[in-house]
Each structure stands twice: as C-alpha cells, then as structure tokens.
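**Q** Throughout the sequence shown, residue numbering follows this note's numbering, covering 1 to 471 in sequence.
Do not rely on the hints blindly, as some may be mistaken.
The calculated lysine-lysine pairs, modelled on DSSO-like cross-linking and capped at a C-alpha distance of 30 Å, are [claimed, not checked]:
#	residue 1	residue 2
1	Lys444	Lys426
2	Lys73	Lys188
3	Lys188	Lys124
4	Lys399	Lys426
Cβ-Cβ distance ranges computed for the label pairs, FRET-style [to be verified]:
#	residue 1	residue 2	range
5	Glu34	Lys172	39 to 45 Å
6	Glu198	Gly160	23 to 29 Å
7	Thr153	Gly123	46 to 52 Å
8	Lys399	Ser197	30 to 36 Å
9	Gly327	Ala151	35 to 41 Å
10	Asn104	Gly413	46 to 52 Å
11	Glu187	Gly74	44 to 50 Å
12	Glu187	Asp165	30 to 36 Å
13	Asp165	Asp338	17 to 23 Å
14	Arg409	Ala456	54 to 60 Å
Hint data in this document are derived by calculation from the structure and do not stem from the laboratory.
Note that CB positions come from ideal geometry on N, CA and C, so glycine has one too.
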Amino acid sequence: MAAVLVGSSVRVPSAALLGHAPGVVERGAAAREERLKQWLRGMTKHRQLDFDTMGFGRGRDGFGMIASGAIDKGSVLAEVPLQAFLSEKTAERCRLVGPMLRKNDFRPWLTMCAHLLVERSRGKESFWHPYIAALPSVDELSISHPLLWPAETIQELLQGSPMLDTIATRLKLCQEDHEALLTAGIEKFLPGGETLSEGDVRWASAVLLSRAFSLELDVDDDFDTLCLVPWADMLNHCSSAGEESCLIFDQDTKTASLEAHKSYSKGDEVFDSYGPALTGSQLFLDYGFVDDENENYAVDLPAQVLGPVRSSANAALLEALGLPAGGTLVSIVPEGVDESVLAWTRAAIASPRELSAAGWKSDGKYQKAIMYFSEPINRDNECEVLRRLIAACENLWSKYPTNLEHDLRELTGGESDMRTTTWARKQAALRAIVCEKKALTAGKTVLCGFLEKLRAGAALESLYEVDREEG
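Required output: the full structure, derived from the provided sequences and hints.
**A** See the structure below:
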C-alpha cells in the first residue's frame, strides 16, 4: 500500500529511441558515447576506471548498452565516481540556482528538476554537458514515456486502467512545479532570454522518473540522496535480474557500481535491474516499457474503490496510520491481496464495537488497533472485506473496453507496423494492461475461493494459512 508519488530510485526507458532511423541513432550515439567516456575518464586520474566493458548500441527495443567483449557473471559493469553525479547536493552548491533553491525550500524532486533544466540550458558551459547531451531529447523521450504522450493517446491506449489516474496526478504535479519554478524566478538563469515551458518540466520529470537513483551518499544523512548517475543509467532493465544488478554506492571508494547478473558474450545487450519487484504498471509509468520477462502482475487501485469508510472514527484511525482512503493504493495480485490490504479494509469497515475492542479511541495510540486488525476479527467483518475486494475487481473489469484474450492477440499482431511511434506506444500500454488483467483474473479467483470457504464454515484462523500451504 502506498501513496501516489512522482519519483523513484530507478533507471532508463528501454525504448527511448524507438522509431528513429537506425543509421542516424547509431552515428549520433557513437559521438555522444565517446564524449561521455572522455569526460568520465577525466575524473579518475588517481584510479583508472573501465568504461570500455560496454558501449552504446541497438538493444532489444531500441537504444541499449552492448557488451564490447565477454563479460563474466559477477563482473563490474560500471563504476562511476561521485564527482560525476548530478544530485540534490550539487544543486544546493550551484552558484546559479543554489540560492534560489534554498530560498524557496523546494522538495528534492523539484530541486532536481530545476538543476537539470538549468544545466541543460547552459549547453557546453555546463560541467555535465557530455552527460546531458547523451540524454534523450523531448522528441525522443515522447515516443516511449507516457508523461510526454498526447492526451488523446493516453486516453485511447489506457482506457479503463487506473494508470490513467496516476498519469493525471503526475501531469498536475508537473503543472504545479512549472508554476513554482516560474514564481521562483528560474528563467533569469536561462541564457538568451529562454523561457521555461510546462513541456520542459515534463521532460525533466520523465528523465528523473526513468533514470534517477536514491543513494546513501553520506552515512550521517537521515535520508538517501536523489541523484542522476551518468553511464550507470544507460542500461536497460531485465526483470530476471536480481538485487545483485542494482546500483550500489561504496562509501570508501566514493563510486557507484553495477554487477552483471549473468555472463554475456560480445555483442549481447547488457542489462541491470531497476528493482526486481517492479510490476508491469510501475515499469510502464516510470520508464515507458514492460519487458518480456516481467511476471510481477499487479493492479493498483485507490482505496476508495473498496467502498466508503464506515465512520469518522474509522477515518481517524486510517489517518493516524498515514493511510487515508483518499491517498492510499491497494494492490490486487495473482495471490489476491497481502495482509496489509486485508488489515486496512477490516479497519475501514469495523463497527463502533469492533473499534472499541481494538482499543481505538481517536487518541493517537493506534499501534494496538492495527495489530488487532492484522488478523480476521469475526466472520461478518471478514465476509464483508472479501466481498468488497471482489466487487472492486469486478468494477475495474467492467471499465476495460477489451478482454484479456483480445489484448494478447493484439500483442502478437501488427508486426508490419514495427518501429513506428504508434506501434511502440500501443505495445507498451498493452503489456502494462495485460499485467493488470492477469492480476485481476487470478486475484479475483483466489478471493472468491476464500469467500466460499468462509461461507462454508472454514475457521477464521486457518482461512488464509491453509491456502498458502496449498499454493
């Protein structure tokens, strides 16, 4: 369960350059790659780092990183010095925008947007120019990233999906961030009378969504630092890669590194992991693609779809937990739902007597109450919990214009349209929606099974445990 946020510690969209003529992409990429390598090598005079293990090339879905020779499992794929990072800390130290950022007390996300946009506008005068020049342009990124798609395309391809609400929320945040940056006076830092558009902010947000990492750069800091890590963010994601392929920062060497999750031969595309638990919807929304290996099926729904919270007392408990109905997501997965969703729903529909039994008196002491709702409290409450969850699945299904079988046929068809922008966008959206529908299909079946067992007299304490053992 989580609130809708813009931002995550993740990487690059695999289809960022889909739809462009291969020759043009390859010629431009080779020059950008060499400039980026030379720039990075210039920071490592006392310790030579290897940037020749892999290079830019045509990957599985477009731009990717290709092995320059044989790579063994466990080998270091990339090692990037801290000096190359573009981060909250470098933004605060920047002589141009630092004072503006400190004066306005921007949140880390907006700080990074401002930093990236100002450095992009400075062109070759920017320290990070070799890196920023290698980032996809607005036109390139608009092919794959839904944050930059036309409104009518988003509505057409995501009809019925709760992903529409997530994108709408993010677009609204981009609008608000654009207004905040203008109010703060960011345009005076843009050369040549350049203006800042909302499209610029959407581009910066898409870059951060698809590339930014959250790393512990200083052990004395209470929070991780949001940052862009050149070169390390050029690899595409593979869902079969585990945590060993996630970027880690070494406090001793002050470098961030990635390791190979498998062996590669020369010419193979090299992958890392943006997070082994990422679902199809999360990959699509943050990166603009869903890879073939992804089987983390899930659909995220706003908690309101489970029906009304019973009373103000129930609402106060959920608020105390930091999980209000208006800002909470519940995930339906092939196994049904996890314990946290069940507990939330029990608390949302509990009667006054049940709340009293849980020890909730709206006095802020919610720990005992949530422990009480972590297990079924009685048959009537649990039946209503399962009924609401099943109804939510059915309600979402009714909003999709097509069924799962239709979508699967669409995914395997239309090969003559490959490499067009329309084809790329449709394939990415379909893959994400198929993941949602697979989660709904299996999840509803499991939830119905629980409800049938409960109505048939199954004991509350073993209702879910038995099914876990059988599964």
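**Q** Are the hints correct? Go through all of them and say.
**A** Here is how each hint holds up against the structure:
Restraint check for Lys444 and Lys426: satisfied, since their Cα atoms lie roughly 26 Å apart, inside the 30 Å limit. Of the supplied pair hints, the one linking Lys73 and Lys188 is violated, its CA atoms being roughly 49 Å apart against a limit of 30 Å. Under the criterion of a C-alpha separation no larger than 30 Å, the hint pairing Lys188 with Lys124 is consistent with the structure, at around 18 Å. With a CA separation close to 18 Å, the supplied pair Lys399 and Lys426 stays within the 30 Å bound.
Remark: the range hint 39 to 45 Å for Glu34 to Lys172 is upheld by a beta-carbon distance near 40 Å. Checked against the hint of 23 to 29 Å, the C-beta distance between Glu198 and Gly160 comes to roughly 27 Å, which is consistent with it. A hinted range of 46 to 52 Å is violated for the C-beta pair Thr153 and Gly123, which are about 31 Å apart. Between Lys399 and Ser197, the C-beta spacing of about 33 Å keeps the proposed range 30 to 36 Å intact.
In this structure, Gly327 and Ala151 break the distance hint of 35 to 41 Å, their C-beta atoms being roughly 24 Å apart. Between Asn104 and Gly413, the C-beta spacing of about 50 Å keeps the proposed range 46 to 52 Å intact. Between Glu187 and Gly74 the Cβ separation comes to about 48 Å, which falls inside the hinted range of 44 to 50 Å. For the pair Glu187 and Asp165, the beta carbons lie near 32 Å from each other, so the given range of 30 to 36 Å is met.
Evaluation of the 17 to 23 Å hint for Asp165 and Asp338 yields a pass: the beta carbon distance comes to about 21 Å. Evaluation of the 54 to 60 Å hint for Arg409 and Ala456 yields a failure: the beta carbon distance comes to about 38 Å.
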